[in-house]
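Visitor: Chains as they are written, first to last, in my numbering: chain A, 1 to 351; chain B, 352 to 702; chain C, 703 to 1026; chain D, 1027 to 1350.
Because the hints were derived from the structure by calculation, they are not lab data.
Among the hints, erroneous ones may be present.
Straight line, CA to CA, 20 Å or less: simulated EDC-like cross-link-like pairs of lysine to aspartate or glutamate [to be verified]:
1. Lys108/A <-> Glu1016/C
2. Lys633/B <-> Asp646/B
3. Lys108/A <-> Asp727/C
4. Lys633/B <-> Glu657/B
5. Lys35/A <-> Glu1322/D
6. Lys108/A <-> Glu805/C
7. Lys633/B <-> Glu321/A
8. Lys398/B <-> Asp538/B
9. Lys386/B <-> Asp372/B
10. Lys1159/D <-> Glu401/B
11. Lys1159/D <-> Asp1243/D
To spell it out: a stretch of chain C is covered by chain D in this simulated footprint if at least three of its residues, at any positions, have a beta carbon under 8 Å from a beta carbon of chain D; those stretches are [unchecked claim]:
12. 856-865
13. 897-906
Glycine included, C-beta positions come from ideal geometry on N, C-alpha and C.
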Amino acid sequence: MTATTFAAAIRDALAVALELDPAVIVYGLGTTDPKGVFGTTLDLHRKFGEQRVFDMPTSENAMTGIGIGAALGGLRPVLTHQRLDFALLSLDQIVNNAAKWRFMFGGKRGVPITIRMIIGRGWGQGPTHSQSLQAWFAHIPGLKVVMPTSAEDAKGLLLASIFDDDPVIFLEHRWLHNVTGDVPPGDYRTPLGKARLVRSGADVTVVGMSLMTAEALHAVDHLASQQITCDLIDLRTVRPIDWPMIEASVRRTGRLLALDTGYETGGLSAEVVAHVTTACWKHLRAPPRRLAMPDVPEATSPALTEHYHVRAEHIAQVIAEVAGRPAEWASLAKARTHPHDVPGDWFKGPF
Amino acid sequence: MTATTFAAAIRDALAVALELDPAVIVYGLGTTDPKGVFGTTLDLHRKFGEQRVFDMPTSENAMTGIGIGAALGGLRPVLTHQRLDFALLSLDQIVNNAAKWRFMFGGKRGVPITIRMIIGRGWGQGPTHSQSLQAWFAHIPGLKVVMPTSAEDAKGLLLASIFDDDPVIFLEHRWLHNVTGDVPPGDYRTPLGKARLVRSGADVTVVGMSLMTAEALHAVDHLASQQITCDLIDLRTVRPIDWPMIEASVRRTGRLLALDTGYETGGLSAEVVAHVTTACWKHLRAPPRRLAMPDVPEATSPALTEHYHVRAEHIAQVIAEVAGRPAEWASLAKARTHPHDVPGDWFKGPF
Amino acid sequence: MSPDLSRRLLREMMRIRIVEETIADRYAEWKMRCPVHLSIGQEAPSAAAGLVLRHSDLTVSGHRAHAHYLAKGGDLPAMIAEIYGKATGCSGGKGGSMHLVDERVGFMGSTAIVGGTVPVGVGLALSLQLRGKDDVVCIFIGDAVLETGVFYEAANFAVLRRLPVLFLCENNLYSVYSPLSVRQPLDRPLERVAKGIGLMTVSGDGNDVRACHALIDGAVSRLRGGAGPQFVELSTYRWREHCGPLYDNDIGYRTVEEFEAWRQRDPIDLFRGVLRQEGTVDDAWMAAATTALREEVTAAFAFADSSPVPPAGEAFAHIYSVEP
Amino acid sequence: MSPDLSRRLLREMMRIRIVEETIADRYAEWKMRCPVHLSIGQEAPSAAAGLVLRHSDLTVSGHRAHAHYLAKGGDLPAMIAEIYGKATGCSGGKGGSMHLVDERVGFMGSTAIVGGTVPVGVGLALSLQLRGKDDVVCIFIGDAVLETGVFYEAANFAVLRRLPVLFLCENNLYSVYSPLSVRQPLDRPLERVAKGIGLMTVSGDGNDVRACHALIDGAVSRLRGGAGPQFVELSTYRWREHCGPLYDNDIGYRTVEEFEAWRQRDPIDLFRGVLRQEGTVDDAWMAAATTALREEVTAAFAFADSSPVPPAGEAFAHIYSVEP
Ligand SMILES: Cc1ncc(C[n+]2csc(CCOP(=O)(O)OP(=O)(O)O)c2C)c(N)n1
Ligand SMILES: Cc1ncc(C[n+]2csc(CCOP(=O)(O)OP(=O)(O)O)c2C)c(N)n1
Ligand SMILES: [Mg+2]
Ligand SMILES: [Mg+2]
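Chain A extracted, bound-state conformation (with noise of 0.2 Å):
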C-alpha cells in the first residue's frame, strides 16, 4: 500500500494494464504529451513503446470508432478524453456501434473498450468545459459506466473496465485527480457493478457518486456529530447500479437521498429515486429526495458558480430535512479555507 493521487492511480492501472496484456493499447489527445494527461498518462509512452501509448488527431469521432475496431480486432483500447464535453462527437460510435455491436450480430463478438472522459469543473470551465451526462451513457443498453470517487476505487475500478469484455465509460473528475488514498499495488481490480458502503447508519440513505460522494461524505460526518447517521453508498458504477445494497439500505432507514454531479431533470438521481419508490414503497418513511446540479450549464465567471454546484453544507441540509431533525450545516462552508471555484490550494488554473 502506498498513498497516492486519485491521477497517479490511474497511470498505475494503465501501466500495470500494459504490462499484463500486449493487447492493451492506450490513446487520446495529449496521451504522450509532457502534461500527460493530469499526469494519468504521464511517459508511458517511453515505457510501452509509441505504438501501443499514442498521441491522436482532434477526430474524436473517428477515433472511437477506430478503437473499437481495434477492439474488434483482439486489442483493449483505452481511450481518454481531457473532458467529456469532446465525447459528444463520438456518440454515434459509442451508442450504434460499441454499445450494440454484441447485441446486433446476435452475441458474436463485444467490443472491449474502455473510454476515459475527464468531467471538469470551477476555474471558469464554463458552458462547454464543466458536462457531467452520466445519465446519458447510464441510459444505454450495453454500456458500463463507471464514477469512481477513491484514488484506491480509481485504480481498481479503471483495471476491472480495462479487461471487462463490455465498453466502459469511465468518468473522472477533474475535482477528484489530487484526492489520495492507499492504493494496493500490482493488479487490483474492483469489480464492476458493486457499490461501496463508504459510511453506515440508521437514519437516511444517501447515494452518491464520484465528487458527490466525497462531498456528501464530510456531510454525513458532520451530521454524525449530531446524533444524525447515515448510509452513504457510493454507486462506483452507475450503470449497473447495485439496487440490492441501495435496496438492503433503505428498507432499514426507510429515507433516500439521491445525488448527482449531473443535472436534476432526467439525470440519475431520478432514477434511483424511481427505482427505489417502486421497489421498497412499503419501507419508505418519508418521500426520497434528490440533490443534483441545477438544470442550467455552469457559467464562466466565479461569481456565477458559487451558489450553483451542490455541496457537502446543502447535502447536510437535505439530509436533515429527510430525516426531519434540526441539524447545523453552516460551518461546513466556513470551514473551507481556499476559494469556491478551485478543488483545493494545489489548483492554480489554468485548466
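Given chain A's structure and the hints, the job is docking chains B, C and D with the ligands onto it.
Guide: For chains B, C and D with the ligands alone, coordinates are given in the frame of chain A:
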C-alpha cells in the same frame, strides 16, 4: 376542419410556416425527393423554391451546425432526420451550440431551430433504426422536446416549435404518421409545455407521450368498461413537462403509471415517477409504476419484437395492478388484426 | 487474366445477381420483414474485391452489403436466414439485412449508419498493423460516405499511420433518391477529394469487372507492399429502388433513359460477351453454372424458410458479455 | 499599400500584443479565473483580416479568439470584463475568454469545442446568401480543425452552394502540446486537403502582415465576386503556453531553437522595421501609438476590475427565451 393524417398535418404545418415567414427554411435528407420524407415535405420545394426547401449531403453534424448558424443569421430552420438514430452524429452541435448559445453569450441571442427526428419501429428497423432517445434531449437545459400523438397536435405543436425562439427537438413516431384526425386549417398553434387530458377518470393517472398515449388510449377505454377509470395525460412536450396537470391529477387519483417509448432505465418515466413521488408524496396511495421499453435495443427479426414492445394489453394489465383491481386485458391483443410489426394494414415495408 | 479467374469473376457476379433477384421476387411473400438494399446492377466491384482479397483479409460494409458479404465468402444460407429473421441467421436474427457478419471469412460486420463502419475498418487495420500481419482491410463505401465527416477523420488517421486500408467506393450516383448534384459539387470528382486527404487513388468503370479486378488488385498489392491506404472509386448503377425489391424509375428522381443506358451496360452481360468471344465460357458452361447457382440459392431459401425463429428470450440476450 | 493602411496594420498588431501581454502579466493576480489562450506571436493574420473585413461581415472563432475579436472591432473593455467574469463582460460573465461575442461588429461568437463554430459560420453564410447580401463570413480556424470531420462536412456544403465563406487557418504547428506530426501526415500540406474538398486556396507567411493582408484581401474580393468559398492558410507560431500566461519551452514538446527562430520573426518587429525603412512610421509615431494603446488597455482593465460581478441569479437565467 378536415380529417387528415399526422403526416399530412406535418406537411400542412410546414407549408403554413413557409408561407407565413420568409425566414423559414426546410431541409434534410430527402426533403425534396419523390417520397418527401414519408409525405411530410412532399413538393414543398415546388411551391417555395429550392432555396428555402432543400435536400442536403449526408452530413448530419455540419448540417445541424449550419442550421444553427442560419438561425443566428435570422432564419428559422427546420431540419429533418428520417431516423432519430442518424442525429446521434449531431449531438455536439445540438448540445454544445444550439442548447447553450443563449446562455453562454449572456442572453444575447437564441437559436430558433426546429429539428424533426423520426422514431422508427417494426418491420425490421432493428437496432440502428428504432431508438427513442427523448430522455437524452429532455436532460439538456436549453432544449425543448416535443412528442405529438395526434394529427391535430402534430400540426399545432410543429407550428409552435418553428416560431418558438428556442431550439426544439420534435420527435415523430413513424407509427403515427398514418393516424388521422381533424386538423384546423391555417396558422394553428398549440402552446409548448401544456399537456393534454385525453381521458379523465378517478382511479389511476396514466402519463404517456407519442405512440404510448395511443396505446394507452385503447387500454384506458377498455378498462373504463370494467369500471376502472383513468386520467390519461398526453405529455405533448417532454421538456418542459406540464407538472401542474400531472400533480393535480395524482392528488386526485393517488396512483400513477408513467409510460415511455424509450428505454426504462434512466428514461423519462423515471423523471415522472421521481418528480411525482417527491411532489405528491402525501397523496400517493400505491407505489408509482413505470412501463417503458425494455433495456435492450430492438432486434430485427419479427419473432424478436413480438414480445418486446409495450402495447395496450400490457398497459391495461399494469393499470389494473396499480389500481389494485382485477381486470381483463387479453382481448385487447386478440382484437388486433394486423401483424405486430406494422402499424396497420397500410404499411408494407420496406421502411 | 487466367480463364479460371475470369470464370470465377463471372460466376460470382451471377451468384450475387441470382441471390438478389430471388430476394426481390420473394419479398412480396412478406416473410423477409426488414429493409433490404439490393446490389443488382452493381455486382462487379464486389465480385472483383472478393477474388482479390484473402479470407484472412478483413472487410466491413454498410447498409447495402449482401454482395460484399457473399463475395467475401460469407455463408449464403445464414445470410438469407438472417433476412428471414431466423435463429440460423448469421446474426441470430438480431441484425437483419443491414447487420451481417461472418468472422470466419473476415467479414467483420456491416451496419446501417452511413459511414459508421469506416473508422471501425481503420481500427481493424490498426490492430493488424500492431500485430504485424500483412492482411488488409477493405471498407466498402458508397458515394454518400464522402459527405460524412467520419470518413475524413478516419482516412486522415489511416494516412498518418500508413494503415493497410482499402476504401472501396461504389459510386452509383445516388444516395436514396438524391442525385450527387444536391450533395456534392459536380465538378469535384470523388477521387479528387480522397486524394486531397492523402489517399492513393484510382478510379474506373465499375461495370467492367476486369477493370475492377485490375484496379482493386493493384491497390491491394500496393497495400501489402506497405504503400499506405488506398482509395478505389468504381462507377456503377443500382437498378432497383434504394430500399426494397421494386423498380422505381417511374417516381421521377432519375430518368428512364439514364436507367436504360446503364442497363445496356449490365456488368454480367458485358463480361459474358467478352468471355464468350474469348472462348472462356460457352452456352454449356453458362447453363451449368446457372443451374448450380439456382440450386444453391433455392436451397438457401429453403433452409432459411424452414429454419426456426429465435426463441423469444433471445430478444433480451447479448447485451453484455455476462448476462446480469 | 497606403501608409495609412500600413500604420493601421501595425497598430492593430501592437494593440493585440499589448492586450494579451497585459492579460499574461496580470493573470497571477488570480482575478481572471478562467482558461485563456493567448495569440502573442501570431497577431498578423487577425490584424490583416480585421482590416480587410467590413463591420457587416460576420466572424466566428474558437478557443483562441481574443485577437480575432479585437481585430474585428470587438469591444475591448467588454472582453476584459468577460475574462474577469464581470456583469459588464461581453457575454455577461457567462462565457469567459472562450466564449466571446459582439454582434454589433459582426463578431457572432467564439466557442471552445475545436471545429464547433465551423458549420455555424457556414450557416451564417447561408443566411447571407438567402437574404441576398454581399457580406462574407470569416471562420477563424487552427491547424487542428483540419482533423475534425465537421470541417469537411461544412466545407463540402459551402462549396456545393458557393457560399461566401472564408476559412482563415492559422497554422501554428501545434494543437496543445501535440506537433502536427502526430496528427497529420507531414507530406500533406493543410492547403492541399482544403483544395481537395473543393475550396479555392492560398497560403503564405503568417508573420508577414502585408502578405497576410494581400492573401486575405484577394480571397475576400473573390468571395464578394461570387467565386465561392476560400481557404487561406497562414503559417505562424504561438509564443506562450497553449493555455495560460507562461512560456513553456522548458517542458519539452518543442525546442528552444524552434521558438527562438520564430521569435526572431516577430510579426510586429518585422513590420515595424519595414515601415521604419519606408518612413511610414518613426520613433515618435511608435511612442505615441504605444502610449495611447497602453492607456486604452489600462483603462479597459480598470473598467473590468472595477465592474460589478453579475448578480448570483444570473447563473440561472438565459436558458430559454421566456424564463419558465
Ligand atoms: C448517418 C445516416 N444518415 C442517413 C441515413 C439514411 N440512408 C440510408 S442509406 C443512405 C444512402 C447512402 O448512399 P450511398 O452511400 O451512396 O450508398 P448507396 O445506397 O447508393 O449504395 C442514406 C442516406 C443513414 N442510414 N445514416
Ligand atoms: C473537440 C475538441 N477536442 C479537443 C479539445 C481540446 N483542445 C482545446 S484547444 C485544442 C487545440 C486546437 O489546436 P488548433 O486548432 O491548432 O488551435 P491552436 O490552439 O493552435 O490555436 C484542443 C485539442 C477541444 N476543445 N475540443
Ligand atoms: Mg450511392
Ligand atoms: Mg494550432
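Visitor: Hint by hint, which ones does the structure fall short of?
Guide: When the structure is compared with the hints, numbers 2, 3, 4, 5, 9 turn out to be violated.
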